[in-house]
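*Asks:* Sequence:
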Amino acid sequence: MSTEETKRIALEWIKLVDESQFDKLKALAVPGANWWVNGLTSKASMAGDALYTTRIDNLASFRTTLKSLELTTRDIIVEGNTAILETDVLGTSHDGKVYRNNVMMKFVMDSTSEEGNLKIREIREYVDLLAMFEFLGITI
0 MSTEETKRIA
10 LEWIKLVDES
20 QFDKLKALAV
30 PGANWWVNGL
40 TSKASMAGDA
50 LYTTRIDNLA
60 SFRTTLKSLE
70 LTTRDIIVEG
80 NTAILETDVL
90 GTSHDGKVYR
100 NNVMMKFVMD
110 STSEEGNLKI
120 REIREYVDLL
130 AMFEFLGITI
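Here the sequence shown is numbered in numbering that gives the first Met the number 0, starting from 0 and rising by one per residue.
Take the hints with a grain of salt, since some may be wrong.
[Said to hold, decoys possible] Calculated cross-link-like contacts (lysine-lysine; reagent style DSS-like; alpha-carbon spacing at most 30 Å): (1) K23 - K118; (2) K105 - K6; (3) K118 - K96; (4) K118 - K6; (5) K105 - K118; (6) K96 - K25.
[Claimed, not checked] FRET-style restraints, in silico, Cβ to Cβ: (7) A59 - M103: 32 to 42 Å; (8) S110 - I76: 13 to 23 Å; (9) I139 - S110: 31 to 41 Å.
Worth flagging that the hints you see were computed from the coordinates, not collected in a lab. Cβ coordinates follow ideal geometry from the N, Cα and C atoms, glycine included.
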């Protein structure tokens with residue numbers, strides 16, 4: 000497993016999110032890939048495990064609430080098939096409300112895809128859900 004390829008995929012992933020290329024994002028993962036988000040499922044419906052493709056659909060929906068979105072990669076650490084990515088998020092809603100957050104994501108890659116290419120098997124996302132809820136006007 001190539002550390003360089005793992006890094007390339009993680010950075011490509013964040014670039015595609017920044018560009019709202021959701022179909023291309025789906026192609027970066029193996030079928031049945033998992034995406035876990037921190038938080039208590041009793042307080043945040045988006046917390047816990049979900050299929051990667053479901054999360055991409057949710058991300059596409061969230062993107063429609065934003066007039067602009069800018070992702071800035073702060074750092075990436077890669078070892079073998081695992082990448083840890085730290086990203087700053089800055090968005091503006093259609094009515095001018097500002098969304099700021101910092102996200103840490105752990106990507107685990109898998110080389111057992113049908114094509115034999117390295118693809119995402121699992122994502123673990125650590126995000127400030129309170130900042131997201133405040134932006135969306137959700138009280139918990």
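*Asks:* Quick one: which hint numbers does this structure break? Sort them smallest to largest.
*Replies:* 3, 7
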